[in-house]
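**Student:** Sequence:
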Amino acid sequence: MVKSSYTSFLQEIRGLIPQDRIYTDELRRLAWGTDAGFYRLIPQIVIRSNSEEEISELLKLAGRYGLPVTFRAAGTCLSGQAISDSILIVAGKHWEKYSISPDHEQITLQPGIIGQRVNEILAPYGRKFAPDPASVKSAMVGGIVMNNASGMNCGTHANSDKVLLSARIVLADGTVLDTGDDISRASFEATHPDFYNRICELRDQIRANEELAARIRYKYSIKNVTGLNLLPFVRFDDPFDIIAHLMVGSEGTLAFLSQITMRTEYDYPYKASAMLYFTSIKDACRTVVAMKELSNDNTSASEADRKIVKGAELLDYKSLSSVEDPVYLKYKQEVADASGLTAVLTETKARTREELEQNISAIEECLKTFSTYIPVHFTDRPEEYSKYWAIRSGIFPSVGGTRQPGTTCLIEDVAFHIEDLPEATADLQQLIARHGYDDACIYGHALEGNYHFILNQSFSTDAEVKRYEDLMNDVKTLVVDKYDGSLKAEHGTGRNMAPFVKYEWGEAAFEAMKAVKQLFDPKGLLNPGVIFNDDPQCHIKNFKPLPLIPIDEASPAEKVNKCIECGFCEVNCLSCGFTLSSRQRIVLQREISRLKQSGTDQERLSLLEKQYRYLGNQTCAGDGLCSISCPMNINTGDLTHIIRQESLPKGSLGYKAGDFVANHFAGVKSALRPVLSLANFGHSVLGTKAMSSITKGMHNVLGVPLWTPAMPKSYKVTSYKLQATSAMRHDSAALVARSSSLVADKVVYFPSCINQTMGLPKKSPVEQPLVNKMISLLQKGGYEVIFPKDMDKLCCGTIWESKGMLDIADRKATELEAALWEASEQGKYPVLCDQSPCLHRMRETIQKMKLYEPAEFIYTFLRDKLVFTQTDRPVAVHITCSMRKMGLADTIISLAKLCSTHVFVPEEVGCCGFAGDRGFTYPELNSYALRKLRPQIEASGITIGYSNSRTCEIGLTTNSGIPYVSIAYLVDQCTKSVKTEATDNL
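Using this note's numbering, the first residue of the sequence shown is number 1, and each one after it goes up by one.
If you are wondering where the hints come from, they were derived from the structure by calculation, not from laboratory data.
Backbone N, C-alpha and C fix where the C-beta goes; we use that ideal spot for every residue, glycine too.
Wrong hints could be hidden among the right ones.
With beta-carbon atoms standing in for the labels, derived distance ranges [what the hints assert, rightly or not]:
id	residue 1	residue 2	range
1	Tyr270	Val327	57 to 67 Å
2	Lys897	Asp601	22 to 32 Å
3	Ile100	Gly687	20 to 30 Å
4	Val704	Pro649	24 to 34 Å
5	Val327	Ser460	35 to 45 Å
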């Protein structure tokens with residue numbers, strides 16, 4: 001019956017939703033069965049929704065067939081509330097619209113916008129998104145609100161519940177209600193009178209029970225997300241306000257949140273932080289209690305604004321150890337027992353610099369009554385304090401990364417009233433140690449009495465499961481019975497704390513919660529098992545396995561075994577939302593490895609491997625941007641390279657072909673040039689429209705690389721340009737003639753193999769191929785250009801690395817290193833490569849020379865040798881993934897700003913997805929990665945873009961509607977030689 005219901009449901013939704021947004025295959029169901037928590041459920045059907053109308057129809061159908069539904073945004077939640085064994089509806093990539101009120105004090109958001117993105121949107125107006133969980137750079141608004149995730153600064157005064165103004169929701173029966181719209185409210189009251197009246201009844205019943213109302217106020221005076229949110233019943237009179245605020249912390253158990261309007265928060269322009277160290281955790285907590293009392297004398301400000309200390313994050317010694325904190329390492333050498341060392345990351349904010357200095361002075365005065373391990377030092381320099389906060393944000397994944405192989409990392413989340421903080425913290429630390437969790441750590445929002453503790457736990461034996469169960473029972477006793485605190489402060493009840501909701505709240509409150517659930521979800525189909533669960537042991541079932549992927553310890557890919565599947569990587573994964581994300585690739589490879597090692601279920605193993613080929617392997621760009629947002633710096637691209645290597649073992653036809661190309665590289669490039677010339681001839685004869693149509697058909701039917709109008713003509717570095725290098729080996733004086741100055745600086749210029757082979761497209765805004773232009777620009781700056789010997793045979797190895805032929809890639813890198821070492825006279829001269837991805841690999845494999853790509857070289861060496869004249873023409877700049885990984889994003893932007901008064905960097909455009917040759921072979925990946933580019937370009941009226949990677953520029957040109965060329969062209973256009981300028985002024 002159940003199976004037939006899913007089949008019928010599936011048949012009906014295929015008439016509503018395109019097949020490419022419905023997943024029923026083994027691979028993607030498994031991939032979506034994982035979130036950041038430590039549970040796993042495998043959904044029967046996964047649906048990527050993109051509209052409120054779809055959600056409404058899906059809920060109607062699910063109700064008709066009696067099928068449970070779970071909603072999911074980013075999947076960074078920690079308590080098992082975003083997984084399902086039924087229907088999982090994803091509301092992420094297609095739910096990113098927003099609008100801002102004219103005064104910028106309100107923002108309306110769809111649930112799929114990343115929290116940090118909201119901050120970026122509001123930053124120009126001096127406002128910010130009030131909730132600030134540590135996962136704000138990865139978590140989406142829907143998850144943040146529906147879990148009432150608060151964070152490091154917002155406390156209880158500015159969490160989602162306090163800043164929410166209205167909500168637009170889809171109820172279980174498919175009804176859409178906008179609590180901020182008068183017409184919608186009136187319509188709902190007319191069509192759902194019983195619902196409306198029941199909200200009023202519950203409000204009045206709760207208020208009439210003075211003991212319950214008082215308990216609600218007391219419980220929510222600190223962070224608390226255990227159970228449903230009852231605070232709206234005592235805060236609001238209007239039933240629609242109550243309905244809207246009931247959504248906060250409901251974890252998808254009441255309705256789907258399709259839109260929310262929230263108050264924005266003032267973003268203080270002046271900030272300072274200090275990392276305070278104490279030799280006892282009790283002393284640290286006593287200091288926090290004292291700092292919380294500090295207020296300024298601005299009587300016109302709110303109580304929250306008057307507070308001098310805006311954040312105080314406690315990190316115990318295990319937390320400090322996990323991130324190799326230097327102060328902890330020093331203390332550890334000085335004492336026999338370093339377990340008392342505790343840090344409190346303290347932050348103050350102000351509207352003026354004078355106010356900031358007053359705040360710092362007040363805090364320092366307060367701290368005089370306490371003993372710190374090292375002197376107190378506040379810094380207002382973002383480059384310094386951002387490192388402190390990055391450490392704090394990365395504690396969970398960092399500690400998880402240090403766990404024993406095969407164990408699970410889980411995080412618990414409690415809160416105490418501030419007056420109980422010193423004793424409660426010490427009790428909690430002792431309780432965890434008593435249960436044998438020697439590697440557990442405590443950290444969190446001490447200013448709010450809110451702590452997280454991380455456990456690296458094995459569930460492989462009954463004894464280990466029992467140990468965890470006993471711990472949780474003791475935590476329950478400590479938090480609830482001794483201190484009347486919160487068992488869940490901000491991570492959501494989920495499945496993890498569902499058995500203890502009634503225990504914490506008591507009978508009356510729990511019955512009120514159940515009444516709310518019954519009203520909103522009478523059939524019990526919305527996220528069943530979350531918050532309300534009749535199984536008292538649901539928190540110790542359905543644990544997620546984390547089997548090891550067998551990878552050589554010397555391989556960079558070995559880091560994937562440290563992955564805790566937190567999902568922080570996904571914000572930078574270009575294929576997330578298209579095929580699979582970096583997190584999901586690791587999840588799937590773990591299961592594939594488990595099946596291989598166990599030798600069981602060969603049929604399922606074969607199916608997963610087959611389905612992974614396109615979704616996991618072929619559409620992974622391997623760009624490595626996922627590592628930037630991963631606290632463990634895990635590059636899933638390294639794992640992809642290993643998988644490709646396994647598919648091309650030595651002796652295979654593919655490997656032999658790759659080896660042949662490496663050994664005959666110059667000849668292969670020569671053979672490629674006629675192909676490019678033929679394509680250009682076809683373009684000239686057939687025209688753009690006919691050529692595009694024919695080649696698209698050939699790509700779709702035969703799988704040949706896709707031609708686009710951005711495809712370049714052939715090019716070869718002419719012999720006269722290489723003549724200087726040849727002469728250098730016999731007569732160094734010959735090189736002097738290449739420069740306009742008698743005593744020139746020298747640079748070794750290695751044009752990438754791409755730029756040695758590819759020239760300009762048929763319709764190009766520039767006239768010279770890049771190599772010519774680069775030489776001209778270098779000479780304008782007074783540089784003598786040296787080419788490496790046998791340049792046409794050289795390559796950095798990226799081509800082979802991307803295909804998984806890692807040994808060949810390293811061999812080519814070694815050849816290149818030797819040639820560059822000779823050309824640079826053993827590292828005497830800097831080396832320039834004109835392609836940033838190639839330069840990135842060169843820096844990874846060549847350590848003994850100073851290597852540069854164009855933007856950094858120009859900014860470092862040519863800036864004072866050129867006179868820049870800014871153009872008023874607006875220009876777009878694309879920052880390649882390799883530039884981001886090398887930390888050079890600001891460099892290329894700064895260089896562009898020397899040239900143009902209007903430099904535009906498109907938002908939410910990361911890796912372009914061209915990925916070497918994948919833009920030709922899998923152009924759909926390139927198109928998806930750049931889906932947000934063209935609208936921004938068109939809205940800005942920009943006619944040309946610049947970057948520093950030829951292949952990226954091909955994809956950017958194809959998908960933006962404007963040509964993209966190297967940043968070197970812009971610099972050349974906007975500069976004169978200093979000497980030329982001086983001559984002109986004579």
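**Student:** Does each hint hold? Answer for all of them.
**Tutor:** Going down the list of hints, with the structure as the test:
1. Tyr270 to Val327: 57 to 67 Å: At roughly 26 Å between Cβ atoms, Val327 and Tyr270 fall outside 57 to 67 Å, so the hint is violated.
2. Lys897 to Asp601: 22 to 32 Å: violated, 58 Å
3. Ile100 to Gly687: 20 to 30 Å: violated, 45 Å
4. Val704 to Pro649: 24 to 34 Å: holds, 26 Å
5. Val327 to Ser460: 35 to 45 Å: For Val327 and Ser460 the Cβ distance comes to about 36 Å; the hint holds.
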